Each structure stands twice: as C-alpha cells, then as structure tokens.
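Quick mapping for you: the protein sequence lines, in order, are chains A and B. So the first sequence is numbered by the numbering used here: it starts at 1 and just counts up by one. So the second sequence is numbered by the numbering used here: it starts at 1 and just counts up by one.
Hints listed in this document are in silico derivations from the structure and should not be mistaken for laboratory results. All of these numbers come straight from a predicted model, not from anything done at the bench.
Put simply, identical chains are the same to the list, so a pair is met inside one copy or across any two.
Straight-line Cα separation of at most 20 Å, PhoX-like style, residue types lysine-lysine; simulated pairs:
(1) 137 with 246
(2) 274 with 246
(3) 246 with 275
(4) 201 with 188
Here is what each chain is made of, one letter per residue.
Protein chains: 2
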Amino acid sequence: MVTIAVDAMGGDNAPKAEVEGAVEAARTLDIRVILVGRQEDLRRELQQYDDYRGLPIEVVNATQQITMEDSAARAVRAKRDSSLRVASRLVRDGIAQGFVSAGNTGAAMATAKMVQGVIPGVDRPALAGIFPTLIGKPVVVIDVGANVDCSPRMLAQFAVMGEIYSRVVLHQPRPKVGLLSIGEEEHKGNETTRGATPLLKSLPLDFVGNVEGRDIYTGKSDVIVCDGFIGNVALKVSEGLVDMVKQMLQESLSATITRQMGALLARAAFTDFKKRVDYSEYGGAPLLGVRGICIICHGRSNANAIKNAIRVGAEFSSGKVNERIEDELRQWAAEHVAF
Amino acid sequence: MVTIAVDAMGGDNAPKAEVEGAVEAARTLDIRVILVGRQEDLRRELQQYDDYRGLPIEVVNATQQITMEDSAARAVRAKRDSSLRVASRLVRDGIAQGFVSAGNTGAAMATAKMVQGVIPGVDRPALAGIFPTLIGKPVVVIDVGANVDCSPRMLAQFAVMGEIYSRVVLHQPRPKVGLLSIGEEEHKGNETTRGATPLLKSLPLDFVGNVEGRDIYTGKSDVIVCDGFIGNVALKVSEGLVDMVKQMLQESLSATITRQMGALLARAAFTDFKKRVDYSEYGGAPLLGVRGICIICHGRSNANAIKNAIRVGAEFSSGKVNERIEDELRQWAAEHVAF
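Please model the complete structure; the sequences and the hints are all you need to start from.
Written out as structure tokens, the structure is:
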C-alpha cells in the first residue's frame, strides 16, 4: 500500500480541508495517509469522523508551521520542525512515498529539493501545472514557476518529465509535446525557444513544434513546455481572468429580477461549468525531478483537491514515474551528446 | 481635423468591417478617414451608405494585399503596393497622422518601423495591449509581442511610453506602473526584471514594483511592463481561456430545456458581460515608439472595433503622445546616465 504524507498545516483551509481530504482518500482509495502537523489540532479534527480509527491514517507531530509570508529560504533554514519539513523527511526516509502540501509553494519546492534531493540526470526540478481544456482532457504545462531563465537543455528535460507524467498519471497513450512560443513557425520565439527546438526534435517523443498561449485551452497538445517565468504568468493570468469572469457574471446575473430568475433556472449549467474548469479535480501540481514525490496544491484547496492530490501521489508512485524519468534521461544522454 | 488612414484589406472581415467603421467614425467623430485598398471594392462597399459622399472619407488605391500567412519580412520586401504599405506611406508623408490595420500584426509592425521610422531615443517600438479589468478601467500591458529577449533598458522605455499613453489617451490622471513578475517581492523574478527594477525606480512615474499575472485583471495598476514574449503569451492565454469559457457555458446552458429557459431570461446579463470584456471598445493596440501613429486591431475586428481604433488614433495625435515620448525620454536620458 502506498503511503502519502500530508502537510496538514499549509493551506488557507488548514487543517480542516487537509484532514477531510485525508479521511476521504483513506476511506475510498486504498492509500495510507500520514497527517503531519500539530498533533492535538489534528486529533481534534479527526474526531469529527466516526470511522477514522479504522482507517489507514496516522498522525505525526510537527511543532512549527510555515506561513504564506515566509520566504522559501527562511522557511528552509529556520523552521526545521515545520509540518512541511517533517513531511518531506518522511519521504526522504522512505516512510512515505510522497507528500502533499497546499502551503507556501516556494517553501515546498525548496524543501523537497533540499531534503529529498534531485533525480540523477535532472538539472532542475520543475512544477507541472495541470490545466483543463475545451475537449475535456487535461494538459500539462511545465514549468509553472520553479525555475526562471531556463536554458534550452532544461526545457528539453521538462519535456521528458512532462511527457512521462502525462502518459503514466494522466493516461494519455502518446502525448503530443508542444513548445510554448509566440507563433507556430519554428523561427518565431526567443533565444531560448529557438535553442530548445533542435533538442526537442532529438527526443524520442511526439514533439509538435511551437504552440501559442491560446493552445493551452484547446487541448491541441498534451504537454506544453516553457520557462517557469512564462508558465507562472500563464497560470496566474488564467486565475485572474477566471476570477474576473465569475465576478462579472455574478454581478450581471443579479442586476435585475428577470436575470436572477434566469440564473436560478440555469444554475445546474453553472455548476456543470464550474466542475469542468475546477482545478481541484486534477489534484495539484507535481514537482517533477525530485526524489520521492512532492505534489503542490493551490492554497485555496478544498478537501476534494487534497484527496485528489493524495490519489495522484499514489498513482505517481505505483506508475514509477521517477524511475522512468531517470532511465529515459540516462538513455538519451548516452545517445545525444548535445543533450 | 485629424486624418487617419485605414488599411481596408487587412482583417478577417475586410473590407466590410473597415468601411463600416470608417463611415461611422467620419459620421460621428469629426475625423477625416482615408480608406486604402482596391479602389473598386471600396467604392462598391461605400455605396451602401447613402450619406457617404457628404462625409470626410477618401479612397486611396492599393493593388496588393498582405495575408495573415505572409511573413513580415516577405510582406515588407515583396508587396510594395500593399494596402498596409500604402497606408503607412501616407503617414510618413504627413498626409495622414496615423494608420489603423486589422491585418497581419507582424507585417504591420515591421512596415510601420521601416516606413515611418522610430522616435529618437526609443530603442524598440512596443505593442501596447489594452485589457479590461474588474473595476472597469482599462490596463495597458506593454509589450504584447513586438520584441523578445528585451533588455532592462527596453522595459524602462516601455514604461515611459505606456505611462504617457495611459495618461493621455486612456485619461488616467496618475497611472500606476507595475513590472510583470512571478511574485510581489522585488527579488522575485528573472534576470531581466531584476535588472529593470532600479531603472524603473529612477523614472519620474508612479512605479508600484512587481505585479503578478492575476493583477492584469484586478486593475491594481494602470500600466504593466513586460518582455514581448511574456506579454504575447498573457494575451493569447487570455483569448484562449475566454473562448473556452464561452463555449463551455454555451454547451452547459443548452443541455436541457430548463437551462435554455434560464439562459433566455438571463440573456441581457450575458450581453452586458460580453460588453464588459469586449476588446472592440478599446480600439486596438497602439505600436508605441514609431513616428506617426500605428494602431493594430485584432484580425476578428468588427466595425465598432475599427471605429474605436480610428478614434484612438485621433486622440493619440491630438494628445501629442509621440512628442511627449520623445521629450520625456530625452529628459531622463540627460538626467540618468544609467538610463
């Protein structure tokens, strides 16, 4: 049975969402969960679930907590007994196969890299964002914020890692890999994309060339590779736009009685729509390239998002994503001197 | 009276949308419009408007046409009698103060730079995208695709140009200028943003520091400065996401009879919402930093978008945006050696 540690003190709704998500996962998914955080708080929270004593859930105490305001560097240096750090240590020591955190993203990435270490052959671990698309299947955008000023070689490694993730965890049989740029023609891009193109072509994967920003949502490719600065902007622009659209629609729909009635009748449509763009179904963003597993959830994660992140962590482990990344990178490094 | 030339053969709905937009502008805005394109096509289109002979509209013939598929380089070299090139020449020769095109963006930018030339003190002209925000006022994102691999110095110049545009054409009394990055703290960013920060601080404008992707839509700042690769991704991600949201909502709202009724009652709300996010109200993206005026519209532009672009071109001219850019850059270059 796979064991996943949960940093239970991280998210905006911690520890409530974390505990509920863990209980749901342990109840329905055949996964052992270790909740890490202030023991008394977690036990109190767990007592709300009548069946929790029979579930494969454990609690591991951690006295400190990293806030959203802590810098990653400070979090790593100063808070050695934080719930995040303790969760990452459980992975390093083989007690858990991976950890899930909805806390400070920078701190989680820095901790995973430092405590768990990096897979041989990987220059830099990268955060893989999972985006919804018009045609239903999710697309992996890698990197969404772990690295800036990426080299072409780093982008090629992101492609390898993202492609394996799409294949193994998202079940795309032969993922198409695109390079995020500002035009479809090969020469349209910047120095980095132009340098990455020949490397991506040399990889044994289905590289479809440049894709544009709008292609993220069309599902035209399954994996989209980019520098972490660009990917982070794409992610946050999307979040900001969705928030704006929601609020504007809400304002427009409540402006008159007729509209309110319309909105009431159409309520199922909005619920349906929200479900289709709901990030919580995709279970967070994996940090690919670290030893062990690190799944980073949105700060606003609800119990469903946490549960799905735990599920994703377990699939990641049983699909041996990290072993495949190490193997494939070793093989290609041997075949392609440039890479 | 300001004169604006319109490349009437460029957009997806050309020349219909261009002619209708020109007629509307000439009728209501006290602007002289020169339609550039195949004379016979334009005259035929104009004849649909009973009053057109009394309006300040002229037609200038151009035998060639640049398509969306033409490369910018080829368009500039090979099609010397294109509607775009002829429109740009009218600006160079002082017959028009600016031109508007809904055609090939790359070709329009290359043509304006080559034919009209660049304002003294500007290293690179930049495309200013105008985005809607939650609080109603538009935000300028500069650059959205004219330049990649921008230097910090280029970003500082974009800030100067965007700030003047926001002040003069968008009537923001004291625009706040933000630097697009991946975190609000000054050290969060890439080499370029970290290099740009001290330059932006040295400018006599209201620099608010780093802003994130989601802040584009909150209206937290009035001008957002970024590399053209990043800005282009932000623009196209937004377009792709809006298309997805529209289509998903449409599908959800038509799935059952009840939902259809709801949608019918709430129709005014959707119209209202569409108007609030409608790019056509903002009249296209100005290419800032070229001599004369160049306003680039979306390929899908309708007559309203063309009319508004013509209006914006005229306000740009009467507000002496270019003269101010030249003056302010000269002044700051004298004061700040680093700049």
